[in-house]
Structures are given as C-alpha cells and as structure tokens.
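*Asks:* Input sequences plus hints: build the corresponding full structure.
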Amino acid sequence: MSVTLFSQEEKVKKTSNKGKLFLYWGWNRATFSNSDIRFQGNNYDFTLQDVRAKDRPTDFTFDYFHPTKITLPQTNVRVGYFLSDNYTVSVGVDHMKYVVRSFQTVKINGEINAGNAFDGVYNNDDIQLTHDFLQFEHTDGLNYVNVELKRFDEIGHFIGMNSKNFQLNITEGFGAGVLFPRTNSKLFNQKRWDEFHVSGWGVSAGAGLNLTFFKYFFVQSDLKYGYIKMPNIRTTENAEDKASQSFTFFQKTIVFGAKFNI
1 MSVTLFSQEE KVKKTSNKGK LFLYWGWNRA TFSNSDIRFQ GNNYDFTLQD VRAKDRPTDF
61 TFDYFHPTKI TLPQTNVRVG YFLSDNYTVS VGVDHMKYVV RSFQTVKING EINAGNAFDG
121 VYNNDDIQLT HDFLQFEHTD GLNYVNVELK RFDEIGHFIG MNSKNFQLNI TEGFGAGVLF
181 PRTNSKLFNQ KRWDEFHVSG WGVSAGAGLN LTFFKYFFVQ SDLKYGYIKM PNIRTTENAE
241 DKASQSFTFF QKTIVFGAKF NI
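In full-length UniProt numbering, the protein residues as written are 1 to 262.
It is possible that part of the hints are untrue.
What the hints assert, rightly or not - With a Cα cut of at most 25 Å, we get these calculated BS3-like pairs of lysine-lysine:
1) K18 with K229
2) K164 with K215
3) K54 with K229
4) K107 with K242
Hints were generated in silico from the structure; no laboratory data involved. Since the structure is predicted, the reported quantities are computational estimates derived from the model, not experimental observations.
*Replies:* Now the structure itself:
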C-alpha cells in the first residue's frame, strides 16, 4: 500500500467588481506651473508673466473629519460605478488650493488707467506683487469638477499576494471637467471679491495603487497630471472685470473609500 502526500495552495476566487458602486474621500497636495495672468477691465488691460503659485494645505487636525468643515483641507471626493470588472466611470471634485505668492517680482505688459499709483503703460517692466497691487488666490478653492474613465486591474498575484481579504490593484485613466473656483481676489486695493463662478475647463490623466481589504473597503493613492484653462475669472464686484490664465498641475492624493453592490 502506498500513500501519496501532497499539498496544494488554495486558489482564491476572483472578486467580481462589475455593477458595484464606489465612493471615496481623502486629501491632496498639488504643485502648479508658472502662469501668465491677464487682467482686463474698463480702465486697464495688462498681463503678468510667469507668475508663481503654491497650494495651501491646512495643518492636520480632527477638523479634517468634520462633515461641515470638509473643504478646509485640500479634499478629493468621488463616486463611481464599475461598468465591468476592469473599467470604472466616476464623477468627483478635486478641491485644490491655488495661491499666488505675494511680493514676487514679475514682468508686466499692458496699460493701467484706473486713477491709482499703478497707472502707466508697461512694456516688459518689472513689478512687485505687493498687497496694495494684487492678492489673488483660488482657496475656496480651485475646484476641478470632473468625470473620469479608468481601468482597474488586480496585480497582487504578481508579488505572491493571494488572499481573499486583501487585493492589490493598479488603476489608470483620464478625466475632463469644469473649473468652479471661489476666487479670492483683491486688485488695486479694491473691495475683495470672493464668490463661486464657472471659470473654465480642465483635462487630466493619472494612475494609482489601490489596496482593497475585506472586499468592500479600500485605501488608494494616486498621481494626477493635468492642464487647466480659465478664460473667465471674476476679480471684482464689476462683472466686466476679469482675469484669464492657464497652467498645469501635478497632484498627489491619499483617499479612503468603500464599494458595494447596488
């Protein structure tokens, strides 16, 4: 009589994603390319060249988790649907913050005839962005409202990750949408303007890693690169006053979410 002993690694059944809804919430950091910003009004038309800007992250506190203070930090919120096991469509808001660096010196071209100390004709002259000349930021915020189409693939098996409770996935895709910023602008020491306004559009592409645990919950980190064009930024109470600019952004995110059958 012979006895054959053998062991076989249990094959984990693949989890189906098709038809599931998912949602997530998390935070971002962003960097921006330099931008030419054109300001136009009844008595001025000038362009500031290669203006530098930065984001403005809020120091981490438990307010990050307060439902009524969700927009204090730089936040990402998204809801989506698995069209198949490998493709998703989603809609979300990337709530970035964009702040022009005060007191930088830039080149200015154009004309100002607003009855203030900055009146004149400028031809590639230097000007310092002092507070009495310009304060300009999208801090409530640079809201990129977008639709994304992404591919979703499980890659854990490539590194020997074979667990029914944990799955490692890679996701990549592209998106497009509108810019709905709440621009905080103060030009020539006029009354500050701070209202939501549809100002332009954007496109983006990105990739990320997703760790799903216990089938329904996940943490995900993404890198996203995009282009934003805003030809209609409100700057003062006067609807005829506006600014326009375009720039690229690079965003890093960490989000927490869940997916479930519907």
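*Asks:* Would you mind marking each hint as holding or not holding in the structure?
*Replies:* To see whether the hints hold, each was checked on the structure:
Pair hint K18 plus K229 does not hold up; C-alpha atoms about 35 Å apart against a cutoff of 25 Å. Taking the CA atoms of K164 and K215, the gap is near 8 Å; set against the 25 Å cutoff, the hint holds. In summary, the hint linking K54 to K229 is supported, as the alpha carbons are separated by about 17 Å, within the 25 Å threshold. With a C-alpha separation of about 19 Å, the suggested pair K107 and K242 falls inside the 25 Å cut-off, and the hint holds.
Checked against the numbered hints above, the structure violates only hint 1.
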